[in-house]
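Asker: Each chain, letter by letter, is given below.
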Amino acid sequence: DAGVTQSPTHLIKTRGQQVTLRCSPKSGHDTVSWYQQALGQGPQFIFQYYEEEERQRGNFPDRFSGHQFPNYSSELNVNALLLGDSALYLCASSLLDRGRFGGELFFGEGSRLTVL
Amino acid sequence: GDSVTQMEGPVTLSEEAFLTINCTYTATGYPSLFWYVQYPGEGLQLLLKATKADDKGSNKGFEATYRKETTSFHLEKGSVQVSDSAVYFCALSLTSGTYKYIFGTGTRLKVLA
Chain F
51 DAGVTQSPTH
61 LIKTRGQQVT
71 LRCSPKSGHD
81 TVSWYQQALG
91 QGPQFIFQYY
101 EEEERQRGNF
111 PDRFSGHQFP
121 NYSSELNVNA
131 LLLGDSALYL
141 CASSLLDRGR
151 FGGELFFGEG
161 SRLTVL
Chain P
22 GDSVTQMEGP
32 VTLSEEAFLT
42 INCTYTATGY
52 PSLFWYVQYP
62 GEGLQLLLKA
72 TKADDKGSNK
82 GFEATYRKET
92 TSFHLEKGSV
102 QVSDSAVYFC
112 ALSLTSGTYK
122 YIFGTGTRLK
132 VLA
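Chains as they are written, first to last, in our numbering: chain F, 51 to 166; chain P, 22 to 134.
These are calculated hints, taken from the structure and not from any lab test. These numbers come from a predicted model, not from an experiment. Be aware that a few hints might be false.
DSSO-like, lysine-lysine: derived pairs with alpha carbons at most 30 Å apart [to be verified]: (1) LYS76(F) with LYS73(P); (2) LYS98(P) with LYS81(P); (3) LYS131(P) with LYS81(P); (4) LYS131(P) with LYS98(P); (5) LYS76(F) with LYS63(F); (6) LYS76(F) with LYS81(P); (7) LYS98(P) with LYS77(P); (8) LYS73(P) with LYS98(P); (9) LYS76(F) with LYS77(P).
Generate the whole structure from the sequences, applying the supplied hints.
Answerer: What follows is the structure, encoded as structure tokens:
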């Protein structure tokens, strides 16, 4: 049973560029959440997708956008990259409403983005 | 606002020592509480959880009790092993009005043989 898979694992971009990160949820999961983990910090919620719609968004600017596909996989896009966007981006999947009512989030290993 | 506060690390212990990592929270309503662990180069894994007051979560020798009166969820283990070396995150999930989890800043544990 495949867990949450993310790609790419590492990437380097320069300021002003755009990046797309990809996530395949754990088999049977229908909800995908994205988190940003800066060095030495805990994960910060970016947004969550269910049924191809953004259900909730954290305190991130519009430069951060996402998408969920009919097969439940998801993309995170970041435009006009800033140095401060350098972080580990984590994808987490869950079942409907379990992520809300105390259920378990399953995390991928993350995509480490470095912005120069 | 809702938040989680963890003791700062790093915590360095000898093998077989007793571990406590403190976690307190602030939340409106009645959150579910979690401990996640992150091993080097890996994503976060759920270690244990508790969904209501006085619940005790346990897994792999780790325990934590949901204390509503002190708004705490301290992680304990009676005898740590080198393989427990990792970063531990306390987190909460509100049971209504939001889908997000709120994480603490993490506590790095290093266990020496």
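Asker: Against each hint, give a clear statement of whether it holds in the structure.
Answerer: Tested hints:
For the suggested pair LYS76(F) and LYS73(P), the alpha carbons sit about 27 Å apart, so the restraint of at most 30 Å is met. The suggested pairing of LYS98(P) with LYS81(P) holds, with an alpha-carbon distance near 9 Å, which does not exceed 30 Å. Restraint check for LYS131(P) and LYS81(P): the C-alpha separation of about 17 Å stays at or below 30 Å, so the hint holds. About 14 Å separates the Cα atoms of LYS131(P) and LYS98(P), which keeps this hinted pair within 30 Å; it holds.
Annotation: proposed proximity of LYS76(F) to LYS63(F) holds, straight-line Cα distance about 28 Å (limit 30 Å). Restraint check for LYS76(F) and LYS81(P): the C-alpha separation of about 23 Å stays at or below 30 Å, so the hint holds. Taking the CA atoms of LYS98(P) and LYS77(P), the gap is about 13 Å. The hint holds against a cut of 30 Å. Note on LYS73(P) and LYS98(P): the hinted pairing holds, with a Cα-Cα distance of about 21 Å set against a maximum of 30 Å.
Proximity of LYS76(F) to LYS77(P) is assessed by CA-CA distance (about 27 Å); at most 30 Å being required, the pair is judged to hold.
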